[in-house]
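Q: Residue numbers (this note's numbering), protein chains in the order written: chain A, 16 to 341; chain B, 16 to 341; chain C, -17 to 345; chain D, -17 to 345.
Mixed in with the good hints there might be a few duds.
Stated by the list, open to error - In silico BS3-like links for lysine-lysine, alpha-carbon gap of 27 Å or less: (1) B:125 - B:38; (2) C:279 - A:125; (3) A:125 - A:231; (4) C:279 - C:18; (5) B:48 - C:225; (6) D:265 - D:109; (7) A:38 - C:109; (8) D:109 - B:125; (9) A:31 - A:48; (10) D:265 - A:48; (11) B:31 - B:48; (12) B:48 - B:195; (13) C:265 - C:279; (14) A:48 - A:61; (15) D:93 - B:125; (16) B:125 - B:195; (17) A:38 - A:48; (18) A:38 - A:61; (19) C:18 - A:125; (20) B:38 - B:48; (21) B:38 - D:265.
By construction, these hints were calculated from the structure, which means they are not laboratory data. Predicted model, so just to flag it, every value in this text is computed and none were measured.
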Amino acid sequence: MTVLSLSKALNEGMRKAMEDDPKVLIMGEDVGKLGGVFRVTDGLQKDFGEDRVIDTPLAESGIIGTAIGLALRGYRPVCEIQFDGFVFPAADQIITQLAKMPMRSLGAIKLPVVVRIPCGGGIGAVEHHSESPEAYFTHTAGLRVVACSNPADAYTMIQQAIRSEDPVIFFEPKRRYWEKAEVDTTSTDWWLPLDRGRPVRQGTDITLIAYGPMVKTCLEAATAAEADGRSVEVLDLRSLNPLDAPLVMDSVRRTGRAVVVHEAPVNSGFGAELAARITEQCFYQLESPVLRVGGFSTPYPPSKLEEHYLPDLDRVLEAVDRAFGY
Amino acid sequence: MTVLSLSKALNEGMRKAMEDDPKVLIMGEDVGKLGGVFRVTDGLQKDFGEDRVIDTPLAESGIIGTAIGLALRGYRPVCEIQFDGFVFPAADQIITQLAKMPMRSLGAIKLPVVVRIPCGGGIGAVEHHSESPEAYFTHTAGLRVVACSNPADAYTMIQQAIRSEDPVIFFEPKRRYWEKAEVDTTSTDWWLPLDRGRPVRQGTDITLIAYGPMVKTCLEAATAAEADGRSVEVLDLRSLNPLDAPLVMDSVRRTGRAVVVHEAPVNSGFGAELAARITEQCFYQLESPVLRVGGFSTPYPPSKLEEHYLPDLDRVLEAVDRAFGY
Amino acid sequence: MTLDASRGAQAPPELVQLLTPEGERVEHPDYDIDLKPEEVRSLYRDLVLVRRVDLEAVALQRQGELGIWASLLGQEAAQIGSGRALTDADMAFPTYREHGVAWCRDVDPVKLLGLFRGVNHGGWDPKEHNFHLYTIVIGSQTLHAVGYAMGVQRDDANAAVIAYFGDGASSQGDVNESFVWASVFNAPIVFFCQNNQWAISEPLEKQSRIPLYRRASGFGFPGIRVDGNDVFACLAVTRQALKNAREGQGPVLIEAFTYRMGAHTTTDDPTRYRVASELEAWKLKDPIERVKSYLFKNEFADQAFFDSVEGEADQLGADLRRRCLAMPDPGPLAMFEHVYSEPHALIDEERAQYAAYLEGFSE
Amino acid sequence: MTLDASRGAQAPPELVQLLTPEGERVEHPDYDIDLKPEEVRSLYRDLVLVRRVDLEAVALQRQGELGIWASLLGQEAAQIGSGRALTDADMAFPTYREHGVAWCRDVDPVKLLGLFRGVNHGGWDPKEHNFHLYTIVIGSQTLHAVGYAMGVQRDDANAAVIAYFGDGASSQGDVNESFVWASVFNAPIVFFCQNNQWAISEPLEKQSRIPLYRRASGFGFPGIRVDGNDVFACLAVTRQALKNAREGQGPVLIEAFTYRMGAHTTTDDPTRYRVASELEAWKLKDPIERVKSYLFKNEFADQAFFDSVEGEADQLGADLRRRCLAMPDPGPLAMFEHVYSEPHALIDEERAQYAAYLEGFSE
Ligand SMILES: Cc1ncc(C[n+]2csc(CCOP(=O)(O)OP(=O)(O)O)c2C)c(N)n1
Ligand SMILES: Cc1ncc(C[n+]2csc(CCOP(=O)(O)OP(=O)(O)O)c2C)c(N)n1
Ligand SMILES: [Mg+2]
Ligand SMILES: [Mg+2]
């Protein structure tokens, strides 16, 4: 057992993957000497050299496009997008090429490319540095989309993502980078498959569904709700595409109520998919509609307002209350 | 009353807008002499000149980026993206700039830019020419997203979109371009506001919700369902962002059942938002979950398979049946 | 120098030409090529055969057997010349029009038809032929090519990469980013731009106000303009560029100055935007005629040879047609295949549901 | 010629310099400028004042009053020189670091702080100052600038546009597309690239293997490299380029060869990736010191003048600090404003709901 911060856990996971497989490459802006603006790739260039940890020109489409080419040549590139809001110049390469090329090739091509995206708000940053663009990717067939919420998952999931033969969009909750926890780096017995979610708190009255940064917020809300006598179950989805549907449906069938929480705008967000799917599959068990807590239908606001924009304990609890109002 | 095809109605609408306001410009690939690959801008360059109907270099980010600049200078650019699948190189300019700049400016800037996107399948085309990317834009705050389904709406909505002070993503159902109907080009009394939907068929048992190309499909399904003794209401949303929520909710509260139909993949598609929102607002009235019919979680398939991928009368009816199974 | 843009553009003095439209061999200070008669005959054969493949495909489209077709008519020399310059270890990234390069890479022509017939999005194994799938999104493949070349560098392999794109594509951000990458990493790549003067209805002037080969200088690597209708020149220049790339000298941009003799695709109507005289002028520069003249004048081939190639072409065309019609349609559940390389719960669920739905009909 | 990249790069012979680091006026065959002493004093004053604004902002960030700050330290001459070349009718599109240009466009410095303090995303009216908002997404603004310039063309206005971007930005597709557009439409635009040698931790070599000003030649318009620490040269070269643009001669790329003396932003730690000696070498080329020397040597200014500017700077700094602290935080419902220019049902609904939610707490 080692105590690792989430960012260090990612770093160790990548290091392990690079040691295990010489085809694994790291690429992105400032990932080399600087170790990335969040230091997630700290020390890797020093140890693996400039050919394996590549400081790229400043162009996100170029990063993903060349990563695809490297993958076609047998490499396994792990790309860093510096901040969530800067993934959009790469949207075309991700959506029309990375996601679709394997199917286009009738299976002749596999693209084991990982796109790491530090995501979400809460760090007092300027515009474009606090976004949660996951719904753009969950809607894009051909991609796997995952989000880690804690150091242990960060450590295992990044390795699994790198080993996956499919392209993986890998969300990292930037405001949790510095949170620490024990991680067992000596065994893989405890690893959960990459496409499985995890119940992080048992409960009987309502299910909170979250991923990435909001898992912690939901756990806090669950604890607070307990004081009101409500037994709250919390699920950490981990994988958004594919969804661990059995996990979600089993829980909601038991509790009869669900609230989905994410930082991205509610409107057309991933919570909509969850709500729609849960309602379809648990219609007779639902005591209240699946409620959604998330960002508003506005651009991410200036940081002085982010506490209002971001779901917090109070807004989650208010939704829980509303759910019980039905 | 004139009989116009949908594409000609768009053409006439743009012509009218250009006559009314010298600041209106058309820009895009092949929009000039060729009149666009679907001839939607046919004849406009001849009549308004190359300064107002601009054949651009082949780069979608450039089209939207320069359109933003022209709008900053007081122009009202109407951009054509040649096919749905080619909007992604412009994703960054649309999502981080066009959508967000007005808010960024605290209202000092308005961006009356229209982005026309011929969308959807059913024309036997090759990859990237049959997609329905609306959900990427409904999730993007700051944009208005609309879709026309018939010549009359095409004629009015394009003019309203051009007059709107907000950026508008304007979807045109390419497989309906050649369908004709009477359009009253002499009066504006009958115009519906751009953000309002329209019931296109009255019914009492179930509500079909569609937009763009699927409106016609739903109308056909409704007629077929009548034979089974089911009275089906059909709504043409027209505006996806904002949604005409009163229209939708009133209908579903009356019928108690709803099926959303679109060509885009169901997973994280716009139907999810509708389903989630309807369930939240009509929970007690719903006799069955809101069901969704749409594309599968695969890239758009080769055209020999598109009849399977695209929702058709049978798949809509099957969903209607399923809804009545609850 | 007889070749010009025929739209009043100056005859580009920089253009590398080794065989005139009249079939005369000419000298060039920097490039030369020594071709034995049988090599020239073999080039001629390729030119004729790919033109026939193309003509047959156009005919198949007319008869409704293909949804659309992008003809290479007029660009045979650029494609055969550059394609034959490749070694087996080299890798090529095409657009959607490189049927001639596909031919050089031993891709069975019938496999090219799948995409246009709508039975698949790409019907061959790129690794088997070192020929990537066709890419429709303009310019995207140039970045894949550079990435691949960076892989070649890391493998220390004796190989180079060639990326095809059009004059229109030169405006895309991706293409310019690929120039940045290639230059910064000194990647072993040849950018082969077929300037066929048109991007659908837009003439070159809508993409650039200077010759395209000069774009490279802005990124710090050499650009060369070659007579794209001269198969000798295309072969010589591409061969040299690939060799330089393999030897670590980094990227080169080749602009093959040519002409799209046909419509953009079978759905296009070029009479809407270009004048007939332009086409007529370019017909005089036909890439096949000049090789024929050369062979004939030099008595490197006789009528029997030309007849036999013609016969081969007839057979190829008939065979292609037959095999096109025999191509099986994919089954409906095929669309769920290969979306992911590993099992995926949602796809499995949808496949099962749709299979059940189809079952319902057959009952 | 004394200025070089100080990382072993060759001293670029092409660099336009009119004032040496030692404060000597030098001649240049193509560019000259005739500045009266009071004009030079005024330039000096601007340089000193914007540096003070910057220093104060850095201090405010250190004290937690700003979330982050992007310092212009070292780039004052590039910004004041180019900024002062603009006429009122000209339009400027900045990145996030053009505080000196903002100063020239009469944007109250306190308005620059809003973005960095997190009270807004952009605090001034671009139309009022003909100075667009800061743009954070690298390179995006260059396309806006070209579009704006195309509007200027259509208005037949006597104006030009200037687009600022960094060396790192030169790799972005958008920037290269803006070159294509500007060239094809012959737009009245000056691209002003501040090559401050670094894009966060990446040295110029990661973006280009040749001097950046040469990029323009690949797109068919002129590129010029100017000593970016020489305010005279920046003013002269930019003025000329803008004049040419206004007169219909199309785009120009100016590469201002300068240096980012500070960290990328206040959250950056440049000691991780660059050596101290580099900074020391560039200190000798300080953009302010050389003007001071020049004024002093030529007796165009005395100590009293320098003292008075210093006093003004002190006041400006104190004033900025006071007004920064006094900046009101936005109310929570502000985030629903200006998302759309016309009423929007969803925003209205969410605003009302959130207002009610907040009400709930105050009860
Ligand atoms: C990103 C993108 N935008 C638009 C299109 C539509 N389109 C297909 S081919 C073409 C013109 C391409 O011209 P060029 O690059 O010169 O190649 P050519 O067809 O002449 O070989 C266009 C605009 C596309 N395929 N991809
Ligand atoms: C599209 C995009 N990608 C990444 C970033 C993160 N980022 C901010 S500044 C910067 C470096 C910019 O370098 P340069 O263009 O040289 O400008 P400078 O900061 O040196 O003035 C990066 C990578 C961004 N803002 N936008
Ligand atoms: Mg072309
Ligand atoms: Mg820089």
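Q: If you check each hint against the structure, which ones fail?
A: Per hint list: 2, 3, 5, 6, 16, 19, 21 violated.
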